[in-house]
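Visitor: Sequence:
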Amino acid sequence: MSALKEAFAHSETLIGTEVGVSDWITVDQEMIDQFAKTTHDMQWIHIDPERAAAETPFGGTIAHGFLTLSLASRFAYDCFNMMPGQVMGINYGMNKLRFLTPVKAGSRLRGRFTLQKVTARNATDMLRENLLTIEIEGVETPAMVAEWLGLAVFKD
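Each residue of the sequence shown is one higher than the one before, starting from 1 at the first, in the UniProt record's numbering.
What the hints contain is simulated information worked out from the structure, not anything from laboratory work. Incorrect hints may appear among the rest.
To be verified - Cross-link-like lysine-lysine pairs, in silico, PhoX-like; alpha carbons within 25 Å at most:
1) Lys5 to Lys155
2) Lys117 to Lys155
3) Lys117 to Lys37
4) Lys96 to Lys117
5) Lys5 to Lys117
Said to hold, decoys possible - Now the in silico label distances, taken between C-beta atoms and shown as ranges:
6) Arg121 to Ile25: 25 to 33 Å
7) Ile25 to Ile90: 45 to 53 Å
8) Ala54 to Leu100: 46 to 54 Å
9) Gln116 to Gln34: 31 to 39 Å
10) Lys37 to Thr17: 34 to 42 Å
11) Gly16 to Thr38: 31 to 39 Å
12) Glu50 to Leu97: 27 to 35 Å
13) Thr17 to Leu97: 20 to 28 Å
14) Glu137 to Lys96: 22 to 30 Å
15) Gln116 to Ile25: 50 to 58 Å
16) Leu127 to Glu30: 33 to 41 Å
17) Pro57 to Leu127: 17 to 25 Å
18) Ile90 to Glu6: 51 to 59 Å
Don't be surprised by glycine CBs; every beta carbon is placed ideally from N, CA and C.
Whole structure, please, built from the sequences with the hints as guidance.
Guide: Next up, the structure:
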């Protein structure tokens, strides 16, 4: 049996189950400022702690939604290893994405992955759809939820 077929058969048994929970990562003001500089998104609610404390309901600065999203790769590294015979993994995109709760500077985040679907696309590629929930420590409603598609590529 090919490596892809073995990985597919195993993955099918995991559909509907949580397949990974990442470590926590702190989103501090320095990280937010660096992201703002990199993306040229210098909106004051992200980079001006005094004004954000005085003029927003958040009590201080909040992370960019796309900063929260960008941490998905880090969370995936914590949770997933290459499968036997897999030569690479490719980010294939998102089906749905929602930012539900602002991430305040100093918050700790982690990712939870639940496998929703697997599709063998051809002799070398398996598409996996995971529900990714990015949690904020101590907050009931997550920061973000998304259906993340990942392509696992295997040796022919």
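Visitor: Against each hint, give a clear statement of whether it holds in the structure.
Guide: Tested hints:
1. A C-alpha spacing of about 11 Å is found between lysine 5 and lysine 155, which places the hinted pair at or below 25 Å, so the restraint holds.
2. A distance of roughly 22 Å separates the Cα atoms of lysine 117 and lysine 155; the hinted pair therefore holds under the 25 Å criterion.
3. Note on lysine 117 and lysine 37: the hinted pairing is violated, with a Cα-Cα distance of about 37 Å set against a maximum of 25 Å.
4. Restraint check for lysine 96 and lysine 117: the C-alpha separation of about 14 Å stays at or below 25 Å, so the hint holds.
5. For the given pair, lysine 5 sits about 15 Å from lysine 117 by alpha-carbon distance, which is consistent with the 25 Å threshold.
6. For the pair arginine 121 and isoleucine 25, the beta carbons lie near 32 Å from each other, so the given range of 25 to 33 Å is met.
7. At about 23 Å, the CB distance of isoleucine 25 to isoleucine 90 disagrees with the hint of 45 to 53 Å.
8. Between alanine 54 and leucine 100, the C-beta spacing of about 25 Å breaks the proposed range 46 to 54 Å.
9. Taken as a hint, the range 31 to 39 Å holds for the pair glutamine 116 and glutamine 34, whose Cβ atoms sit roughly 33 Å apart.
10. Take lysine 37 and threonine 17: their Cβ atoms lie about 40 Å apart, and the range 34 to 42 Å holds.
11. Distance hint check for glycine 16 and threonine 38: the Cβ-Cβ separation is about 37 Å, which falls inside the suggested range of 31 to 39 Å.
12. Separated by about 31 Å at the C-beta atoms, glutamate 50 and leucine 97 satisfy the suggested range of 27 to 35 Å.
13. A hinted range of 20 to 28 Å for the beta carbons of threonine 17 and leucine 97 is consistent with their spacing of about 22 Å.
14. A hinted range of 22 to 30 Å for the beta carbons of glutamate 137 and lysine 96 is consistent with their spacing of about 24 Å.
15. A C-beta distance of roughly 24 Å is found between glutamine 116 and isoleucine 25, which places it outside the suggested range of 50 to 58 Å.
16. One distance hint, 33 to 41 Å for the beta-carbon pair leucine 127 and glutamate 30, holds here, with the actual separation near 36 Å.
17. Separation of proline 57 from leucine 127 is about 40 Å and departs from the stated range, judged on CB atoms against 17 to 25 Å.
18. Distance hint for isoleucine 90 and glutamate 6: a CB-CB separation of about 20 Å, inconsistent with the stated range 51 to 59 Å.
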